[in-house]
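Visitor: Single-letter residue listing:
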Amino acid sequence: MTALPPALRDGLDLMVTEVCRYSERLVSLRMRAADERPLPSYVPGSHLAVACGDGINAYSLTGSGLYPERYAVSVRLDAAGAGGSVAMHRLRPGDVLRSSRPRSQFAPVAQARRHLLLAGGIGVTPILSHARAAHEWGTSADVLYVHRPGEGIHAAELRELAGPQLSVACLTSREAFGRALRGRLAGSPLGTHLYACGPEPFMEAVLRAAREHGWPEGRLHAESFGAASLDPGEPFGVKLPDGTRIPVPAGVSLLEALESAGRAVPNMCRQGVCGQCALTVTAGRPLHRDHYLTEAEKEENRLIMSCVSRSLDRELEVRP
Amino acid sequence: MTAVTGADAARPVPEGLERFPFPLTEDAYRYSTNVEPARKPVRTAAGGWGTRIIDIDGHYDGELRERAAILQRDPSRMALAPHMGPAAWDALMYCLECLAREYPDRMGLVREGRRFAWSNRLQDLRVDGVIGDDDSVPGGPLTFLAGQIQEDIALLDKREGALWLDGGVVTFASNWSMAFDVGMRFLEIHGPVPRVHEERVITRAHDFLMRMQPGEAYRRTNWSMTVDRRLDVSTETYPEWGSSRTEVLEDPRLPQRLHLRVEVQHLIALPHTGAVLFLIRTYLEPFERLAQIPQWRARLHAVLSELPQDMADYKGLARYRPRLVQWLAGEDTVRR
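Chains as they are written, first to last, in the working numbering: chain A, 322 to 641; chain B, 15 to 350.
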């Protein structure tokens, strides 16, 4: 791994205090600051970028975020993944890991009349955080959580939060979830904001259904995990300020091509979310595929997120 | 008192100027996205400033009394949209923690879960509060905060890809109105500022604020001029101060009456709500005192001579400029 990205450099050393195994594949970790200082509060739906194994993985925090005594994350073992979840599953109390401070990219909307919180599988983690904050501040929320039988890691905690302002339904069949979802999409009061987190097919289905029910884009909030696999794209080339030309083949990201050529770029999420791997474009038109730049910035074509975006032209001129 | 170094080493710095945040760092001034990390120390020709987010100085009691009187006369200086309750608590706790950390001899905060005990020895005050319970602190969280710090407070909510001024306590506004601007977008509020659109200064500031991660704190300075030591030059009180701007032009005491008004603005992404807290601290010093620091006198002369007309107009200082520039150059020719 190259030098730590700024978010980890300015981050925290966290010591694991408890490991709670829910099933073979699901584990929850609780952590405190290794130096025993108070942990920073965080915005509901925040995540930690954690150095684990050979890479950096993002894990959602499951607490409400107000003066947490511990940071808690839950990790699903993904044997086919890059190895981050395997490393996380090996952690034992007393182990220390390097983490960013909590980063907010899935924040509640304070003005929302209600939050419709939709979780699929391990995507329940930021949804639990939102539900806990809604419970603490007395705001209105409606939770639907669909999971495989035996994998409802946070179902019990969610049910405990239920009350007059907060409804919770935990379901184990896709059909039951689909029915419940359609009911909520049709019946939620105007001004409800929808939050969805889960595997990519879950998110696509949820967002498609919401659009079919006429929900405006501004009311839809989605946090993807397990990196949406983008199409490999067309090959192109980049020219650097010193005149060096580097080819970027199909299926290889601009970031990876630069790294292979010994040109490290600060980076973190490698999913087009965190904004750390931005490069300035001095010629050519990027094909933007990130979730970081605003629409206006994408139109300007002054910046490119090198981890996911590519080029419309055969060559781009970029500088760090 | 601190001593000035260099040629004027022998001359003492007038009381209070050591910590004055003199904002001009070059001989020409333009709007820029002049944002830097909070708490970064700055050296000036008279001393230095900038190590703290919240600054308590010798005007503490007087300014808080003045703020209380203004709020009593005109409650519209305080506003808070109903959805901003958690953000107001976030702002209060953030600032109380800052004060307790930065002034441990005078301020204290003990917290256990949602309960906290706040003590402020400057006011002989002790309050036991509960986070989220608005009745547990006098006036509610935002008004209570406004009674603890000299800074004006503005709270911005992030939604729909924009920042919205959805709350605050602003008693020392420099020619704007909290009641008028509340509920507007950040970009709408800054609509009247000249040049910034072409130069994209405000848009870039907006994008920067949208991307701040919770817990991050930055600051910038801004400046203008005010006749006499008057903090409240809001739109609401224009009838009280408007005429002084022309009347002072005939006054031989112009260098004593005309003040450089410096705002130190802190921009803070609050840790639990992500709302943006603007703290606006206003410092006023008469030109007559500032000119006792030779480097400042020279810098003020250079900047004011060069400042483009549209910027001088917006800052409301075009009318003073000719006389001030002459006086700073040591050639004040107005009859005495």
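Mixed in with the good hints, there may be bad ones.
Said to hold, decoys possible - Some, not all, of what chain B presents toward chain A, calculated at C-beta under 7 Å:
| id | residue |
| --- | --- |
| 1 | Pro100 |
| 2 | Arg173 |
| 3 | Glu174 |
| 4 | Ala176 |
| 5 | Gly288 |
For the record, the hints were derived by calculation from the structure and aren't laboratory data.
All values derive from a computational prediction rather than experimental measurement.
Using N, Cα and C, we set each Cβ at its ideal position, and we do this for glycine too.
Visitor: Take the hints in turn and mark each one as holding or not.
Guide: Now the hints, each set against the structure:
no., hint, verdict
1, Pro100, "5 Å, holds"
2, Arg173, "5 Å, holds"
3, Glu174, "5 Å, holds"
4, Ala176, "10 Å, violated"
5, Gly288, "4 Å, holds"
Consistency with the previously given hints fails for number 4 only.
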